[in-house]
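Heads up: the protein sequence lines correspond to chains A and B, in order. Using this note's numbering, read the first sequence as starting at 109 and increasing by one per residue. Using this note's numbering, read the second sequence as starting at 109 and increasing by one per residue.
Be aware that one or more of the hints could be misleading.
Any copy, or any two copies together, can satisfy a pair, since identical chains are not distinguished.
To be verified - Derived pair list, reagent style BS3-like, types lysine-lysine, alpha-carbon separation capped at 27 Å: (1) 324 x 352; (2) 324 x 359; (3) 348 x 359; (4) 221 x 359.
These aren't lab readings, by the way, just hints derived from the structure by calculation. Source: prediction; values computed, not measured.
Number of protein chains: 2
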Amino acid sequence: MISVGIIGSGNVAQHLISAFLKAPEIDLVQALAREQSHLTHLLHIDKITSDYKALKEVDLYIIAVSDHAISEVSNHIPFENKLVAHTSGSVAITELNPKNRQAVFYPLQTFSKNKEVDFNSIPICLETSEQSDCRILEQVAYSISSKVFNITSNQRKSLHISAVFVCNFVNHLYKIGNDICNEHQVPFEILHPLITETAQKVMMLSPDEAQTGPAKRNDTTTINAHLAMLTDENQREIYKLLTKSIIDNGKKL
Amino acid sequence: MISVGIIGSGNVAQHLISAFLKAPEIDLVQALAREQSHLTHLLHIDKITSDYKALKEVDLYIIAVSDHAISEVSNHIPFENKLVAHTSGSVAITELNPKNRQAVFYPLQTFSKNKEVDFNSIPICLETSEQSDCRILEQVAYSISSKVFNITSNQRKSLHISAVFVCNFVNHLYKIGNDICNEHQVPFEILHPLITETAQKVMMLSPDEAQTGPAKRNDTTTINAHLAMLTDENQREIYKLLTKSIIDNGKKL
């Protein structure tokens, strides 16, 4: 059994707690949250503290807090030479206080409060400052996921940027599609199969092979008709920039 | 049995032919293609013609050709008062020659040559210039799909624009994510679960509820770190514009 403590009570912390509670190899000893009440639906109150002095000794502390708070939280851990990992895609491993052994435990997924996730298919990207900590971190990762990767800080940063494009920005395009549907009293549900197919297709074809649409065909008649119909200036700007980018990319192929 | 003829040999025409061949209610009488060889893997050569004069009389002609060719193709049909539908999301129903009864049969999906699709879950959007043709068009649509919608020309155009955002532009963002991964020797496959989850999430939560990421949190530290790491000017422009759009939207909520 590997003993684990979680620091934090946001989306990532809560999803990790749920996953570890189901993992027989893991003893989730304690969670630390400023507001204990945020976690009482998941853990018995005895296992939640808001006081760093009450933090118990465990094999691995996972800091799942906002990026800007990671460094300070790591200063508060009242131990030395313990294994401490943060869960951020963009924060350097060296932001963690070096009095403990630094590590990263980055689950690459989008977590929302009201949507359960199947942790087993979530890639977990690991990094340790000491090579000898690699194995225990892998054990913890494999206890909740079948997809575990050792990657460098630089690779993790690039993954995080990619994730912004393929998740955060993609969701924003869904939002614009939804807005346009609402404006014309068309149910957004008509687009669900297209959204699913577009996501599935890019796992079987390269994004270049999968590209379709007026910009790909350089179909200026349709592009101009769309621009004539779009009245929202922000939507028009995004339409123009992404269309130009697809056309320019087509010239390179 | 409803007899159907298809004009065209591109992605949409081929996927429609495959679907109609499996539909017991439909008699696919003939397909017309400039190059008969494009369809011989799907249909017996006797059922393919390249000559409009050889076109047989059927209950419904479906014109599945490029948008700009629809009008001309409809002129070539050597009959009158027949039901003729095009399959485009953006072309007006009135582009079809009015010597025949005009209709639209628009399957809202992204079709690629090397990727099979399950037609049954593809929404088909219908429009007819004569109300009395509505029923036969619905019968044909329901013979291959369980999702059939009667929508107006204007609604169809708005759907087509939405589809550009949630499919064509989304795929282009996948491409950028893929490029960034390649640049840093990270397998794009690590992002597949995130892509799937992002698409699934928007079917259970509204896009506003589903939005996550640095722009949503107005996390300028991470945004600036990402911009510092992105060297491609086009990627930077897209990053900036979509980040700004998400931040501006957050202010409205």
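Each hint, compared with the structure:
Taking the closest pair of Cα atoms, residue 324 and residue 352 come within 27 Å of each other both inside a single copy (10 Å) and across two copies (25 Å). When the C-alpha separation of residue 324 and residue 359 is checked against a cutoff of 27 Å, the pair qualifies only within one copy, where the shortest distance is 10 Å, while the shortest distance between copies is 33 Å. For the homomeric pair residue 348 and residue 359, the shortest alpha-carbon distances inside one copy (17 Å) and between copies (23 Å) are both at most 27 Å. Taking the shortest alpha-carbon separations for residue 221 and residue 359, only the inter-copy value of 21 Å comes in at or below 27 Å, while the best intra-copy value is 42 Å.
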